[in-house]
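Enquirer: Here is what each chain is made of, one letter per residue.
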Amino acid sequence: MKNYLSITDIPDLDIAIQEALEMKEAPYAFAKAGTQKTIGLLFFNSSLRTRLSTEKAAKNLGMEVMTLNVNSDSWQLEFEDGTVMDASKAEHIKEAAQVLSQYCNILAVRAFPTLENKAQDEAEVVFTAFTQYATVPIVNLESSTAHPLQGFTDAITLFELTEQCRKEGRKPKVVLTWAPHPRALPHAVPNSFVKTMQRLDVDFTITNPEGYDLNPEIAKDASIIHNQEEALKDADVVYVKNWSSYVSYGTVIPQEGNWMVTAKKLEVTKQAKVMHCLPVRRNVVIADNVLDSEASAVIQQAGNRTWAAQWVLHKILKNG
Amino acid sequence: MKNYLSITDIPDLDIAIQEALEMKEAPYAFAKAGTQKTIGLLFFNSSLRTRLSTEKAAKNLGMEVMTLNVNSDSWQLEFEDGTVMDASKAEHIKEAAQVLSQYCNILAVRAFPTLENKAQDEAEVVFTAFTQYATVPIVNLESSTAHPLQGFTDAITLFELTEQCRKEGRKPKVVLTWAPHPRALPHAVPNSFVKTMQRLDVDFTITNPEGYDLNPEIAKDASIIHNQEEALKDADVVYVKNWSSYVSYGTVIPQEGNWMVTAKKLEVTKQAKVMHCLPVRRNVVIADNVLDSEASAVIQQAGNRTWAAQWVLHKILKNG
Amino acid sequence: MKNYLSITDIPDLDIAIQEALEMKEAPYAFAKAGTQKTIGLLFFNSSLRTRLSTEKAAKNLGMEVMTLNVNSDSWQLEFEDGTVMDASKAEHIKEAAQVLSQYCNILAVRAFPTLENKAQDEAEVVFTAFTQYATVPIVNLESSTAHPLQGFTDAITLFELTEQCRKEGRKPKVVLTWAPHPRALPHAVPNSFVKTMQRLDVDFTITNPEGYDLNPEIAKDASIIHNQEEALKDADVVYVKNWSSYVSYGTVIPQEGNWMVTAKKLEVTKQAKVMHCLPVRRNVVIADNVLDSEASAVIQQAGNRTWAAQWVLHKILKNG
Numbered sequence: 001m002k003n004y005l006s007i008t009d010i011p012d013l014d015i016a017i018q019e020a021l022e023m024k025e026a027p028y029a030f031a032k033a034g035t036q037k038t039i040g041l042l043f044f045n046s047s048l049r050t051r052l053s054t055e056k057a058a059k060n061l062g063m064e065v066m067t068l069n070v071n072s073d074s075w076q077l078e079f080e081d082g083t084v085m086d087a088s089k090a091e092h093i094k095e096a097a098q099v100l101s102q103y104c105n106i107l108a109v110r111a112f113p114t115l116e117n118k119a120q121d122e123a124e125v126v127f128t129a130f131t132q133y134a135t136v137p138i139v140n141l142e143s144s145t146a147h148p149l150q151g152f153t154d155a156i157t158l159f160e161l162t163e164q165c166r167k168e169g170r171k172p173k174v175v176l177t178w179a180p181h182p183r184a185l186p187h188a189v190p191n192s193f194v195k196t197m198q199r200l201d202v203d204f205t206i207t208n209p210e211g212y213d214l215n216p217e218i219a220k221d222a223s224i225i226h227n228q229e230e231a232l233k234d235a236d237v238v239y240v241k242n243w244s245s246y247v248s249y250g251t252v253i254p255q256e257g258n259w260m261v262t263a264k265k266l267e268v269t270k271q272a273k274v275m276h277c278l279p280v281r282r283n284v285v286i287a288d289n290v291l292d293s294e295a296s297a298v299i300q301q302a303g304n305r306t307w308a309a310q311w312v313l314h315k316i317l318k319n320g
Numbered sequence: 001m002k003n004y005l006s007i008t009d010i011p012d013l014d015i016a017i018q019e020a021l022e023m024k025e026a027p028y029a030f031a032k033a034g035t036q037k038t039i040g041l042l043f044f045n046s047s048l049r050t051r052l053s054t055e056k057a058a059k060n061l062g063m064e065v066m067t068l069n070v071n072s073d074s075w076q077l078e079f080e081d082g083t084v085m086d087a088s089k090a091e092h093i094k095e096a097a098q099v100l101s102q103y104c105n106i107l108a109v110r111a112f113p114t115l116e117n118k119a120q121d122e123a124e125v126v127f128t129a130f131t132q133y134a135t136v137p138i139v140n141l142e143s144s145t146a147h148p149l150q151g152f153t154d155a156i157t158l159f160e161l162t163e164q165c166r167k168e169g170r171k172p173k174v175v176l177t178w179a180p181h182p183r184a185l186p187h188a189v190p191n192s193f194v195k196t197m198q199r200l201d202v203d204f205t206i207t208n209p210e211g212y213d214l215n216p217e218i219a220k221d222a223s224i225i226h227n228q229e230e231a232l233k234d235a236d237v238v239y240v241k242n243w244s245s246y247v248s249y250g251t252v253i254p255q256e257g258n259w260m261v262t263a264k265k266l267e268v269t270k271q272a273k274v275m276h277c278l279p280v281r282r283n284v285v286i287a288d289n290v291l292d293s294e295a296s297a298v299i300q301q302a303g304n305r306t307w308a309a310q311w312v313l314h315k316i317l318k319n320g
Numbered sequence: 001m002k003n004y005l006s007i008t009d010i011p012d013l014d015i016a017i018q019e020a021l022e023m024k025e026a027p028y029a030f031a032k033a034g035t036q037k038t039i040g041l042l043f044f045n046s047s048l049r050t051r052l053s054t055e056k057a058a059k060n061l062g063m064e065v066m067t068l069n070v071n072s073d074s075w076q077l078e079f080e081d082g083t084v085m086d087a088s089k090a091e092h093i094k095e096a097a098q099v100l101s102q103y104c105n106i107l108a109v110r111a112f113p114t115l116e117n118k119a120q121d122e123a124e125v126v127f128t129a130f131t132q133y134a135t136v137p138i139v140n141l142e143s144s145t146a147h148p149l150q151g152f153t154d155a156i157t158l159f160e161l162t163e164q165c166r167k168e169g170r171k172p173k174v175v176l177t178w179a180p181h182p183r184a185l186p187h188a189v190p191n192s193f194v195k196t197m198q199r200l201d202v203d204f205t206i207t208n209p210e211g212y213d214l215n216p217e218i219a220k221d222a223s224i225i226h227n228q229e230e231a232l233k234d235a236d237v238v239y240v241k242n243w244s245s246y247v248s249y250g251t252v253i254p255q256e257g258n259w260m261v262t263a264k265k266l267e268v269t270k271q272a273k274v275m276h277c278l279p280v281r282r283n284v285v286i287a288d289n290v291l292d293s294e295a296s297a298v299i300q301q302a303g304n305r306t307w308a309a310q311w312v313l314h315k316i317l318k319n320g
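Residue numbers (the numbering used here), protein chains in the order written: chain A, 1 to 320; chain B, 1 to 320; chain C, 1 to 320.
Bear in mind the hints are in silico, worked out from the structure with no lab data behind them. The reader is advised that the hints may include incorrect statements.
[Unchecked claim] Calculated lysine-lysine pairs in the DSS-like style (CA-CA distance at most 25 Å, straight line):
#1 A:Lys171 <-> A:Lys195
#2 A:Lys24 <-> B:Lys37
#3 C:Lys315 <-> A:Lys37
#4 B:Lys315 <-> C:Lys37
My request is simple: use the sequences and hints to build the entire structure.
Expert: This is the structure we're talking about:
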């Protein structure tokens, strides 16, 4: 594996899930794979799980970790080509990416979207520049439109949660449901979840209010239902996530009904397990009576972030 | 040892002091005790000594260290139960503590008090939540009402400073004196110092202006004298520290006289050694002529932070 | 080597260059030199290259690294002697430096000038205090008036770039040219570059607009030409850097002509290689058509930061 920018960079997802689960059983099986290798973790935005699970994963592999909060520790970066840099940005990504590549063997980057300029966000300005100018592999720690380490984590967790379905010899029904949130959030997580589900043998449904359909190029032929109750029926796994409108790009538009996921709503499911990437706003996105119940798989899911990252870094180290 | 939340978590303080002093002599005697273990250092507030001495201690034991400045690196945490999280706080401690417990083998946390809401501060909202929801040991890096790593450090330092008393076969006289400060400061350090002194064989006196008596439940039967000169008489060790009023909770109330500790004031002592947890405001809390003299033990004291932390982490690792 | 505060702390620069280049070939040749030693990296200001290359260098030597963003992680420091500390600064450098010396075997510090008070900047208040009060070696990560790790890096890079001159048996012509910048910048980098050139067997010229002459005590007998085109003639290496006025201290004064370095201007050189310490503002300081051409050596130069730092730390560890 050269870069890890999308869930599609994993050639065989089923094999990857198995290998990641082996790492979960034996975290230090490859404790020397990263000897004398350094990963640079570059944050343009806040992070808890991604920051610590990736750092942990790298150290489990014996790597050195250097973390940079780009905007506060370092210089503001310019990404546009040909600019006269006479304003606030002190360094161009062309230099930064090449320089960082000399100090690090892998660069992992988090950079959220503007949610104001759809074209710019979809162009993945930061990641395009890093992959173009860096001379080492790039790992996506959440970009404008994708969060593939979360996507892979979700695949691992889903496998763990659907043992019963496999025993019964049937496809699990997985429902991605939109839920409310006071702020406008990116599409990275749902996008990567959708792309991940398209690669697994599941019965997949998306439910969201009118006006909240995801990018049709990503959702493709996924079944989208605007009635949450109908969508949840017989679900084995319910993945909850807010996102801002894609059509009315990056805005919170009024929607009908209450989309918060509650214990009551889950009654129509097959005692579904509930996933969420975290952080989750309790009693806004998901009710306490779900998060504090046996139905919640969110902690297990967050724990799997380490094994997803460790599998990815290991694959990159092996090929690198 | 499960958690380290209070000086009283150390079962036998005298033995602990001796073991910590052995670590000071041989810092790397347990260099493998923490192999493949990770400590998470979580800071809600500023820190110099605590941050670096705990990091150093962990590394001396062979642990991996992951540091998180919670508010700037990550998400604002909600600690209240049952809240509708529709305001600025993005993540609940219930999730955060459980998630962090999967990435770290020990969580060490610094969270200062509000100094506005006494009940909330005394409830130790942050630490109560962490100990309730985390599934790994918690270490207190200074909470609203306690700074037990400082307390243990002070016990170690006091032992070093009172060799002469032991030779002479007499109890050392230890005086905790309040001193002025331009800002309202927490009670954590004096509280932990008082609790530590109550566990040692010392003649202990507290002196502070009227209106500055510490929480009577902590000070208990300690002798409190409102005349600083009288209190300092024949002291072997003088521990200087400012704190805000406990009765007029969290405020700086006017006081009579000048309570700054000076060389002149120390003349009535038995050439007392002067301790302070640092940072100290020179010529406000303690005069230059004390801090720059032989009387000052503040550097030695700060150095002992490493061994206090290392002893605590080692005990937790051994039981863990 | 005790401290590394100036390029003149390197006893024999030619030997040092060779040894650093050997480290570049074999980065892990001294991977145990720093075992059980800790470096503290203290940043009062932003940093990308210095932060990461020094961290990398220390880890290549097997050291532990503790990084502190002084102002945001810790307490504001007071550097003045005898002050009554009743304002915003919570800790005096006297304590901080002594305390840090107990946690770290080497302290490396970055502290930029005010550019407002020339006397204070030239007194190197921060570094003077650190070297006075710390009890461990101090490394300059850029002070008010010097950036000696950059200076040594530049010596290494210059050696690499002038192989042809050595073959032809002639001194390389090196030109330090001022270039425009929207903000007032320090003199640390040009100062250290000038001092470095004075120790090498090169034909050295400085070119800058009237009013921008560097401190004459540093520039000494260096040839200063106010006509950029004339200065660049036959240059083998062109070092580009902005600095604010030294006479009209710390200000951006109007200058005639366009001093930005372009491909066109380099035509009069001997196909000169172009150096810059980075970060560089494209199309203000240096044009894209230089930075994106074969002439640019800025990435190679930034890469050499690691070997300069590693050589310095290794020398300090050996003597320490």
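Enquirer: CA of Lys315 of chain C to CA of Lys37 of chain A, is that 25 Å or under?
Expert: Holds. Lys315 of chain C to Lys37 of chain A sits at ~24 Å (cutoff 25 Å).
Enquirer: Check the hint pairing Lys171 of chain A with Lys195 of chain A against an upper bound of 25 Å on the C-alpha distance.
Expert: holds, 17 Å
Enquirer: Does Lys24 of chain A pair with Lys37 of chain B here, judged by a C-alpha cut-off of 25 Å?
Expert: holds, 15 Å
Enquirer: What's the verdict on Lys315 of chain B and Lys37 of chain C, does the C-alpha distance respect the 25 Å limit or exceed it?
Expert: Satisfied, since the Cα-Cα distance of roughly 24 Å is no more than 25 Å.
Every hint, counting from the list given before, is met by this structure.
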